[in-house]
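Trainee: Chains as they are written, first to last, in full-length UniProt numbering: chain A, 1 to 334; chain B, 1 to 566; chain C, 1 to 313.
For the record, the hints were derived by calculation from the structure and aren't laboratory data. A couple of the hints might just be wrong.
[Unchecked claim] These stretches of chain C come out as covered by chain B in the derived footprint (C-beta under 8 Å, 3 or more residues): (1) 63 to 76; (2) 248 to 259; (3) 268 to 274.
[What the hints assert, rightly or not] Listing some non-contacts, in silico: residues in chain B with all C-beta distances to chain A over 10 Å: (4) 81; (5) 83; (6) 97; (7) 103; (8) 156; (9) 165; (10) 173; (11) 185; (12) 204; (13) 330; (14) 381; (15) 395; (16) 410; (17) 510.
For each residue, glycine too, the CB sits at the ideal point set by N, CA and C.
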Amino acid sequence: MLRFIVRRLLQLIPILLGLSILLFAWLRALPGGPAQAALGERATPEAIARYNELFGLDEPLIVQYLRFLGRAVRLDFGTSARTGRPVTTEFLERMPGTIELTIFAMIFAIGVGIPLGYLAARKHGSWLDSASVIGSLLGVAIPVFFLAYLLRLVFAVELGWLPGSGRQDVRIDATRITNFYVLDGLLTREWDAAWDAVLHLILPAIALGTIPLAIIVRITRASVLDVVNEDYVRTANAKGLATSTVRRRHIIRNALLPVSTTIGLQTGLLLSGAVLTESVFSFGGVGSALYDAIFARDFAVLQGFILMLAVVYVLVNLLVDISYGLLDPRVRVR
Amino acid sequence: MTRRHTRAVAASAAALVAVTLSACASSDRDSGEGGGGEQTGGTLVFGAAGDPAMLDPAFGSDGETFRVSRQIFEGLLGNELGGTEAVPELAEDWEVSEDGLEYTFNLQQDVKFHDGTDFNAEAVCFNFDRWHNFEGLAQSPSASYYYQAVFGGFASTPDTPSIYESCEATDENTAVIRLTQVTSKFPAALALPAFSIQSPTALQEYNADEVSGSEDALTYSEYALEHPVGTGPFKFESWDRGNGEVTIVRNDDYWGEPAKLDEVIFRTISDGNTRRQELEAGSIDGYDFVSPADYETLEETGAQVLVRDPFNILYLGMNGGNVPGSGANPALQDPRVRQAIAHAIDRETIVNSLLPEGAEQATQFMPPTVDGWADDVTTYEYDPERSKALLAEAGATGTTLRFFYPTDVSRPYLPDPAAMFQVISQNLTDAGFTIQPTALPWNPDYLNAVQAGQADIHLLGWTGDYNDAYNFIGTFFAEASNNQASAEFGAFSAPEIFAALAEADSEPDPANRTEMYQEANRLIMDYLPAVPISHSPPALVVAENVQGLEPSPLTAEVFSTVSLSD
Amino acid sequence: MSALGELKRERIDQLAARAGQVPEGEGGVSLTRSALRRLRRDPVAIIGAVIVVLFLFVAAFAPFLAPRDPLAQSLLSDIRPGFIPGSQEGFPLGVDNLGRDLLSRLIYGSRQSLMIGVISTVLGVIVGMALGVLAGAFGGRVDTLLMRFVDILLSIPSLLMAISISVLLGQNQYALMIAIAVTQVPIFARLLRGSMLAQRGSDYAVAAQALGIRKSRIVFGHVLPNSLSPVIVQATLSLATAIIEAAALSFLGLGDPDLARPEWGAMLANAQAFLSIRPELAIYPALCIIVVALGFTLLGESLREALDPKFRR
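The whole structure should be built from the sequences, with the hints applied where relevant.
Mentor: Next up, the structure:
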């Protein structure tokens with residue numbers, strides 16, 4: 001097992017190196033290059049020369065890349081042009097919000113998706129089955145930002161049931177420890193703060209969780225259908241095992257393997273894909289910061305955030321592979 | 001030019017709105033008075049459109065910075081509540097010497113900064129000397145924009161001399177400021193938030209002048225980010241940057257009428273729709289940059305839409321000069337083509353259909369309330385046929401114009417840039433032009449591109465900082481504003497306009513000055529370097545229970561007069 | 001948002017491998033014909049096909065179907081801030097915030113969506129196929145190198161990638177198409193390579209090699225054509241993704257700067273400001289996007305099932 005993990009970790013290195021090259025190239029390819037990007041188009045040639053000298057941009061590309069890499073390894077991505085703060089600080093400050101949102105979205109997607117997919121397969125051909133198939137296709141066809149707007153309009157504005165923006169009511173004077181607001185509320189026993197943070201997570205989590213929900217329903221349904229037709233299930237049934245035992249021991253367990261892959265993949269995607277949802281809900285996570293950075297052409301933030309998010313994404317996928325390895329011994333052998 | 005606009009925008013944007021907090025939400029802090037009516041205390045949450053850049057107003061040039069700093073700081077002069085005139089604030093009154101070069105300010109007594117430091121003539125001079133002695137990146141136009149706009153250069157920049165000569169504390173409560181030349185901007189400009197008087201102790205303790213980073217990504221000092229200290233009715237409490245929340249609390253030792261609210265929280269919500277919905281949902285108590293489309297809906301829900309008097313101008317800039325390398329369209333150097341553009345624009349429909357009620361068509365580059373507005377300038381009525389004829393005469397039919405417009409922004413004079421762009425585009429197409437659109441994010445791309453003269457025509461505007469003609473037309477068309485480095489109008493050359501503006505600015509007699517500005521307006525409208533379009537009244541909105549917020553044409557609202565009712 | 005485009009590598013490879021298992025014929029009935037027969041009996045496929053055909057029809061004949069000029073600001077002078085006239089004589093769905101006929105704009109908008117969807121998908125398919133074929137045909141180091149590159153592309157979530165590319169290329173509709181195309185490349189590259197690898201060991205490939213037929217002829221004459229069915233399936237699904245992603249990029253302000261040109265995503269984004277006074281302005285374009293995306297998804301999914309031997313019962 002350890003060798004498997006080490007091997008997978010080693011495989012990460014070329015991917016991360018490649019990513020850093022791509023991002024380095026991206027910054028170099030921006031109109032006017034990094035000096036112009038940093039100094040703006042009014043920059044005089046002297047100012048650009050000064051900047052280039054200051055940041056070593058007059059040296060050979062490979063030297064520059066290595067320097068960039070050196071800083072990236074130390075998580076130094078420069079300063080945000082918009083806020084004047086270190087990019088990494090901003091990222092670390094905002095990531096907990098995005099993680100919280102992702103967790104809630106996945107709880108929603110899994111909590112609804114697996115039972116629904118299972119039921120649909122059990123009642124194969126019924127109206128529930130057809131509805132879940134069509135619903136899951138529809139879930140993927142709705143533009144996320146539109147769904148988010150719709151949810152906010154209905155549940156936050158018209159009905160007023162849930163808060164529609166932010167991470168916590170500004171009037172709650174909550175203590176911050178970890179920047180995971182729900183966790184902070186629990187740790188400090190500020191129950192109202194924790195509950196308020198939970199309420200703020202509901203609508204964005206539903207908006208963000210809809211696509212994974214749709215996919216999980218489909219995969220669960222498909223894999224349960226696959227498994228039901230497998231020989232060992234038929235055998236178990238023929239042996240006269242109780243239906244519930246067959247379900248528990250054979251169907252659910254085996255069907256969950258592909259589902260777990262999907263869950264992992266989707267989690268990685270959500271962590272990085274919350275740009276639209278977070279911006280609609282003005283949710284103070286990584287996604288909304290990226291959204292702002294796009295408009296402010298804040299290249300340092302774009303570059304740093306995209307690289308760090310890609311790393312997160314790759315790492316989550318690695319975790320998924322590892323847990324997959326734990327679940328299914330065959331994977332380890334390969 | 002860019003920065004000018006940014007700041008203008010800023011100042012204009014600097015609408016402070018008061019927000020009220022619904023009493024129930026902060027029951028623990030509320031004084032618990034029963035019954036209806038006005039109440040002291042409470043928290044008001046105000047939806048800002050963006051984060052402040054930082055909170056040291058001397059380095060401020062944007063509305064969101066001033067929205068907050070205006071509550072914490074005061075200047076020698078302030079703005080009349082709800083008006084555009086400069087009135088005494090930390091200075092009780094002042095005298096001007098015969099030659100117009102020496103200003104003697106008599107200061108308010110018994111005023112203390114929030115950190116307990118005494119406010120006195122020395123503190124005033126400390127601030128003036130601080131500005132004059134900015135070094136390094138603090139001299140960057142993106143940092144000390146306003147100081148440079150009013151005073152010119154710094155102690156260490158002999159090439160760009162400053163009109164500031166000295167400040168002397170002749171006694172505890174008298175500060176004498178000497179200038180090197182007469183300017184019509186003084187002393188009204190001292191009401192700008194950038195000239196707020198800050199605590200010398202805190203400025204020194206937290207190294208306020210340390211500005212680092214690069215030209216366009218400035219990093220400000222600990223003072224500007226965490227310890228701004230002024231004399232105002234509110235004190236800085238905290239700034240949660242991850243969530244975009246700035247909290248200020250009442251200064252109980254305020255020298256004047258204390259604020260009624262306990263606390264004001266400025267919460268950044270960049271999307272206009274979200275701001276409206278949050279107000280409707282009750283999670284904020286007010287916000288700025290109300291879309292004209294929402295006035296009615298908001299009022300139906302009981303909110304109060306507070307419309308400011310229009311104190312701005314929207315214009316269609318034309319690149320009529322010839323900046324080498326900008327690729328400017330030479331056709332625009334022909335006055336007939338510029339006139340054809342002016343005649344093509346249907347201002348009436350624009351004002352009626354796109355701008356809020358109370359908007360007016362503009363005949364020149366300043367609103368009628370500013371001294372120097374002339375009622376007899378050349379006007380250019382909507383007449384597409386005339387446009388076509390002028391174009392044919394100039395041999396420019398079918399001319400392609402690169403039309404730039406900003407995205408993701410709403411300005412007081414331009415609530416919906418995309419709609420404005422599309423209507424004017426259609427007007428120009430109807431008159432026989434070909435439009436090639438370019439959309440850029442407002443800051444910095446759009447402002448930079450426009451200033452670099454990359455657009456043939458573009459949308460831009462300005463909100464006045466104070467009641468002064470030069471603040472409008474001087475900002476746009478003075479010689480210093482039109483050179484290779486600032487080519488919004490293609491660095492056009494019109495010596496008679498430049499001369500008229502320079503003479504008017506240094507004329508000490510107000511009546512003469514007004515006439516001179518009227519003449520300048522006539523010259524400008526004959527030359528037509530840009531097309532004035534409209535003056536539009538921007539609005540802010542507060543919930544039903546918010547009282548006492550006075551909308552300011554300068555978008556310089558103060559929250560100290562605001563209270564909440566049940 | 002691009003869930004479909006984000007099929008995990010494994011899933012893509014699985015799909016490819018299955019396609020490789022498809023035997024040439026089956027009981028005398030060709031694969032295509034039997035697939036078609038199954039499709040005709042599948043209500044999901046029929047619904048999908050009807051939507052897609054209707055969409056293509058509307059896009060093709062927009063000038064004849066649209067009652068008005070989609071650019072004409074006909075009712076502009078009736079518009080006031082806070083008031084947009086609704087449905088009325090000559091304007092069956094009402095007008096947008098600049099007095100342009102909404103129905104005509106929706107009809108013309110189909111062209112833009114179709115164009116963005118098709119061009120970006122075709123670009124993605126061509127580049128992805130080229131990479132996949134190179135990797136599959138040469139194998140060895142070329143394969144490793146190309147697939148590492150594809151893995152790197154896959155490690156950037158597609159929206160982030162599209163944003164980076166749009167920022168790089170500036171705001172215009174070509175940038176939009178290229179951005180979306182690039183997010184599709186790794187999917188098709190993996191798909192093609194997997195499918196080719198699966199077929200390399202197939203009987204006819206071995207036979208052809210034994211007969212001394214040149215490698216390029218085997219690739220282009222046999223292996224490639226047999227790999228096409230998963231590509232067609234994926235392309236159909238990618239069209240849906242592309243249309244949704246185009247809407248998302250428009251929403252992020254990275255779409256076509258010529259706002260007069262009707263495009264569903266831009267119309268939807270623009271209508272957010274008028275939700276309180278005329279929600280239809282948002283709802284209609286959103287419905288168009290959803291229905292068309294659903295149409296391509298339904299068709300793609302049923303194609304996949306029809307072509308997949310596993311689903312034959």
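Trainee: Evaluate each hint against the coordinates.
Mentor: Verification of the supplied hints:
1. Coverage of the stretch 63 to 76 of chain C by chain B holds [criterion: at least 3 residues with CB-CB distance below 8 Å; count 3].
2. Closer than 8 Å: that is the beta-carbon criterion, and the stretch 248 to 259 of chain C has 4 residues meeting it against chain B, so the requirement of 3 holds.
3. Here the stretch 268 to 274 of chain C counts 4 residues with a CB under 8 Å from a CB of chain B, which clears the bar of 3, and the coverage holds.
4. Taking the minimum C-beta to C-beta distance to chain A, about 27 Å, the non-interface status of residue 81 (chain B) holds against the 10 Å cut.
5. Even its closest Cβ contact with chain A, about 31 Å, leaves residue 83 (chain B) beyond 10 Å, as expected for a residue assigned away from the interface.
6. With a least beta-carbon separation of about 39 Å from chain A, residue 97 (chain B) lies farther than 10 Å from that chain, consistent with its non-interface assignment.
7. The claim that residue 103 (chain B) is not at the interface with chain A holds, since no C-beta of that chain comes within 10 Å of its own (minimum 34 Å).
8. Its beta-carbon lying about 18 Å from the closest one in chain A, residue 156 (chain B) satisfies the requirement of being farther than 10 Å from that chain.
9. The beta carbon of residue 165 (chain B) sits about 30 Å from the closest Cβ of chain A, which is more than 10 Å, so the claim that it is off the interface holds.
10. The claim that residue 173 (chain B) is not at the interface with chain A holds, since no C-beta of that chain comes within 10 Å of its own (minimum 37 Å).
11. Remark: the non-interface label on residue 185 (chain B) is consistent with the geometry, its nearest Cβ contact in chain A lying 24 Å away (cut-off 10 Å).
12. Interface exclusion of residue 204 (chain B) from chain A stands, the closest Cβ pair being 21 Å apart, more than 10 Å.
13. Every C-beta of chain A lies more than 10 Å from that of residue 330 (chain B), the closest at about 22 Å, which supports listing it as non-interface.
14. The claim that residue 381 (chain B) lies off the interface holds: its Cβ sits roughly 37 Å from the closest Cβ of chain A, which is beyond the 10 Å cut-off.
15. With a closest Cβ-Cβ approach of about 33 Å to chain A, residue 395 (chain B) is found to remain outside the 10 Å limit, as its non-interface label requires.
16. The beta carbon of residue 410 (chain B) is kept farther than 10 Å from every beta carbon of chain A, the shortest such distance being approximately 13 Å.
17. Taking the minimum C-beta to C-beta distance to chain A, about 36 Å, the non-interface status of residue 510 (chain B) holds against the 10 Å cut.
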